[in-house]
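Chains as they are written, first to last, in our numbering: chain A, 1 to 480; chain B, 1 to 97; chain C, 1 to 319; chain D, 1 to 495.
Some hints here could point you the wrong way.
Claimed, not checked - Covered stretches of chain B, going by a simulated chain A footprint (3 or more residues, C-beta under 8 Å):
1. 24-30
2. 37-46
3. 80-92
Simulated from the structure, these hints should not be mistaken for laboratory data. Yeah, the Cβ is synthetic: ideal placement off N, Cα and C, and Gly gets one too.
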Amino acid sequence: MQTDPMTLTLFVPLFGAIAAFVLPRAASVIGPFSVLATGAAVALLAREVLAAGAVTVSLGGWAPPLGIALRADGLSVAMLAMTAAVGLLVSLGALDALRDARQRQYFWPLWLLLLTGMNGVYLGTDIFNLYVMIEVIALAAVGLTVLSGTTAALRAGLEYMYASILGALLFLTGVGFVYLQIGRLDFAGLIAAEPSGALSAALALMLVGLLLKTALFPLHFWLPAAHANATAPASALLSGLVVKAALYIFLRLATYMPPPDEMLVTLIGTLGAGAVIWGGIQALRAERLKMLVAWSTVVQIGLIFIAFARAGQIGLAESWKAAAVLILAHGIAKAAMFLAAGRIKDEVGHDVIRDLDRSAIRPTLAQFTFALAAISLIGLPPSLGFIGKWSLMEGALAAGYWHWVAVTMVGTLMSVAYFSRVLAAFLRFDRVRAPVGEHQGWALADAAPLTLALSAITLGLMAAPILSFIELGYPFGATP
Amino acid sequence: MTPELIYGLTGIAVFGAGLAGSLGAQDRLRRVLALKLASVGACFLLIVAAWREPPAAPDPVPHALVITGIVVMVSATAVALALIRRLHTLEAEDDAD
Amino acid sequence: MTDPFVLFDLLLGLAIVALAGAVLCVRDLFAAIVLFVVFGLFSALAWVRLSAPDVALAEAAIGTGVTGALLLKTLHHLRQSPAKAGAAPLPVPMPVIWANAAFCGLITLGLAAALVGAPAGGPGFDALVAEAMPQSGVAHPVTAVLLNFRAYDTLMEVVVLLAAVIAVWQIERGLSDAPSPALGEVWEGFARLVLPAIVVVGTYLLWKGAEAPGGAFQGGAVLAAVGLLLLLTRLYVPRPSHRGIARWAFVLGTGAFAAVALLVAGGGRVAFQYPLEHAKTLILLIEALVTISIAVTLAALFHGREPVAQPARRDSHDA
Amino acid sequence: MIDAPLLPLFILLTSLLAAPVLFALPERAASLRTGINLGMAMLKVGLVAWLSLKVSEGVVYDLRFAMLPGLEFKLQADPLAILFVALSAVLWLITTVYSVGYLERGPHRARFFGFFTLCVAATVGIAMAGNLFTFLIFYELLTLATYPLVIHRGTAEALRAGRIYLIYTLAGGLVLLLGTLGLWVLAGTTDFVPGGVLDEVAESRPLAAMLLFAVLVGALGVKATLVPFHAWLPIAMVAPAPVSALLHAVAVVKAGAFGIMRVVYEVFGIETAQALGMTMPLAVLAGVTIIYGSIRAITQDDIKKRLAFSTVSQVSYITLGVALASPIAAVGALAHLIHQGLMKITMFMAAGNLAEGLGVKKVSRMDGVGRAMPGTMLAFSLAALAMIGLPPLAGFVSKWYLAQGGLDAGAGWVIALLLGSSLLNAIYFLPMLHRAWFRDAGAAAFAPARPRIGWMLAAPPVTTAVLVLVAGGFANAPFSPLEWTRFIVAIEYRE
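Can you build the whole structure from these sequences, using the hints too?
Structural data, given as structure tokens:
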């Protein structure tokens, strides 16, 4: 048996999930090691992509359009690597955060199936296969959402499930129209297709389905409650990684399908702007820490779509890079932030923002981690979030699209405002009765989120190599 | 009038009804039913697309895709229904307290 | 043009649309579910008309049969305990209903226009499949697509089932052991009679799948019906000690499928590329194991919760 | 002497690497913390001395790597950078001593010194930034590192002040980001080059260039407390004394003033800026700020707030000197960068001692403090007289050059402005001195008759006061700030 690393990135987590499910007692060991092994497969794949630009495998030896091919280029490997790295650190965080044996037992198989699904999305080149993959992701993600078992989590999980099914069905109907028009389902077929009514309908259906899954305003209604009520490691995975899968398919499709016209691009940017403003207002009003963090995800998704639309239709050839950087930055920083929020909640005992400063326990390191993650999410230098925002504004300025610059700046100020609500609660001491021990509440569990937050900051210094890596294999060139 | 066109439009009408139901229904179970309708509508579309004027055999690929779609949908339905049952139990217990 | 079936097609199409509307509008949920089952069977009939017997079989067995059973079970559960006080949903204002209907109507019209404008009997995989069939190892094209050409999709589809059963077990934890809807004695006798027949039909469907309509999913669904009946009649009651074997049964199909896909790779072959001489054997092996997993998984999805030991409820002693 | 091309990086790292260690130290490891603090501060002074020597010998330091295609993270050590780095390093050493004494038994020392050290790193980075992009990175880092210091006390009042501080400075930073982007899009570079990089743009798109000037100077003006962006500074006075000393003398306001210098001299180039007609409005704005700050200072009873408004006024001398577009005024501006730092830090540390030792925080309660704390008040008085511009103290030297520069630039009003400002300085400083020295404390004056403050609090203001004396008295000696200033002006005016 010898297999290419691409297939392994799918099979390693799959076998890991199976093993973790049938051997529940060993799940906490199998889980992290499976993620680590997946990471190793991604590293092997990255080496191949560095050497060859893009790698393709036709599964079963059947070349598309009959068969299904996996394809890895710079962008997909970047997503795989981000997923594996964030996933590994969240896994380490989960070892401590999941105290309940039952939660532990189910977390690992669900999370590994989720990983399988996401890796499948990043390597997929066939739109029906992508439909199946987003369903794998959806079911595993809903399972993770309700892991805490509270009524609020279950309600949110059910809403999430409805949205997921509906999004997937819209996507599936789109797939039907694509087949109806061009008789094939692979990306190459899409690129070669002539524009037509059925294809426009297909594009519209698939894009709306994906926007629902990725929770772009005003289709975000399901996200805040789902992300805020899950247990911390699940929230980190859902917010940091899961919404990115649909976003990634959106990026790919938007560039492969017949070019979207200027109005569509503007519409997407406008929805992004709506997300930034509305999400910002809600984050300012949020009462609970995790709810605030969840609303900030709505904002960041909006920002990513603004980056996509920053320079109009002509700019799409470059704009996807800004969006990709923001996707990576948000994945890392948001996972760190949710884990840190979970740690704070664990130590303090609640996460009501207004009362955080009444606590004599100040989990310093978790708070510091939260602040670092906030720096990247606000987009302050030299974080990766800053690089993403820089690219966004640079492209918009160069193209003369001042409105996107203005929205981004307003969004930035709002994010300062809502994150400083939290930071102020961390640093206020005059409402505490008992003596405050600042170095209380450290735990080894802080290591994972801190590492994530520090990478979100320092990766900004390595933005040039990251940018040249995601361009490998011309993800958005003429041929897939 | 070919069966293709008739059932194509049938499928789209069912999809539309399912869409409206899933957006508008209040009852949790009814929303699941509506989504299920929409999924049948989507399947109609693929099967219609695979149809060829007899005696030509239909394209088998969309058929395989629909079978996959049906299994995926029953999985999603089962999870949604489990959530509904569990929520009902929890809410009933909350009320009892 | 004057196909005698046109009228039949028209009537069936209208009936399907009407049933769909009725499912959404009828007040009683039980009636809605029954209408839904009828709707599913009519749809399956339409698909037979569209020369898709495999799909019709799958829809009838899984999409309608298993789903209907799941829906009824859930309804039964909801009616067992009183609805939450004040849970009655607020009446939706008429303008909202109309706006929603208008919105979805517009989408439907747009899609219908796109459908009418699309090429009829357009391009497809027909030629490619015909050309590749001799190398597929099986004689039935749908099976060839499912387990060879697009085996990756199918593997992921079983993964979806696996994810579903894990999620369901996870969700319905610690439920009090409410009695499942037990059937009467008549049904029990009926079940004893019918069960062996169903097993035979399921196995036959599986076996025939290589050449004729049928295959793992339909076979699995039919076998799952066995499980459903066993559960309903209490001939089989899941116990905590059965959990281990159940877990293995759930993953059997996925694991074997993935293992075969991976093990055949090497020597110039990629994953899922079965050597031609062993293709039929391997595909049958995968189908058989996947059928077992599907059957057990569907039955478990119906049963719902993980069979865990329940602490005796305190309130029952109080009473 | 061994050659070390990475020297600027080492200077940055002495504080950047010390910060995480200081954060991690347990609260009670006081002596280890003090050791690291002082050790690193002294190491930095040594390294800066070495760097100055090498630069004066003509060695060019230039460290860079690409963060984005074409956009570099760049550190350089030109004479202007050295001027600011040297000021930071020396004053930091002194302030560190003072802080150790001030916070001896206070809470949250690990956090305080961690952010304190990050502040140095940011200031050094601002000084040595080789392009506006790098400058922006450290400028924002400075904001973030000072915020926890401003709200160090953790009271509602401190948090309110902190919020205002954060809103002003981060909004300013955002506008600076916009300006940096604009520069990058317009000029294709953000490098600091003597003579500027915008000659062509100014010719082809003068309106865009003027807008860019307004955006950049406006953004930097927030930290440089140009009216109307000055309001945060008096409010931020809620911070502990060492922090106030630091914000005013070296870190925040100076970062703004220094940035204006870089932008005018090395982004636009003084000729281009003049040709765009942007220098005179800037000079007028600086003049308005000078008068406004002084007038507001008169009515403040809180000592620190009076000093804060004085800073608003005094820092604008630097902006004024830059905007006058005369090499002589530039000498005054650069010299004032140093001199104002020395004078203001002295006064803030002295004010801190009054509060710590005697509980005196208001001007109206300063009666007789001179006798209670003679050393501290001597230092304070010296610095105040220097501020007013009494020859031969440091403040006189900068004002002298500014006045000459005003004449040189044909702006006679500058003389009047400086005289007026000096008069106002006298109006708000002399009453303080009068109360301190010539009034009796009264009966129930000070709880401890002989207040005990340790040498760590007493020595720093005296040291800086001596430096004020030296900088003024020996202004023409080699290696004096003034001499170094002339060296820089020769470069910026490309003479």
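Now for the hints, and whether the structure bears them out:
no., hint, verdict
1, 24-30, "violated (count 1)"
2, 37-46, "holds (count 6)"
3, 80-92, "holds (count 7)"
Checked against the numbered hints listed earlier, the structure breaks hint 1 alone; every other hint is satisfied.
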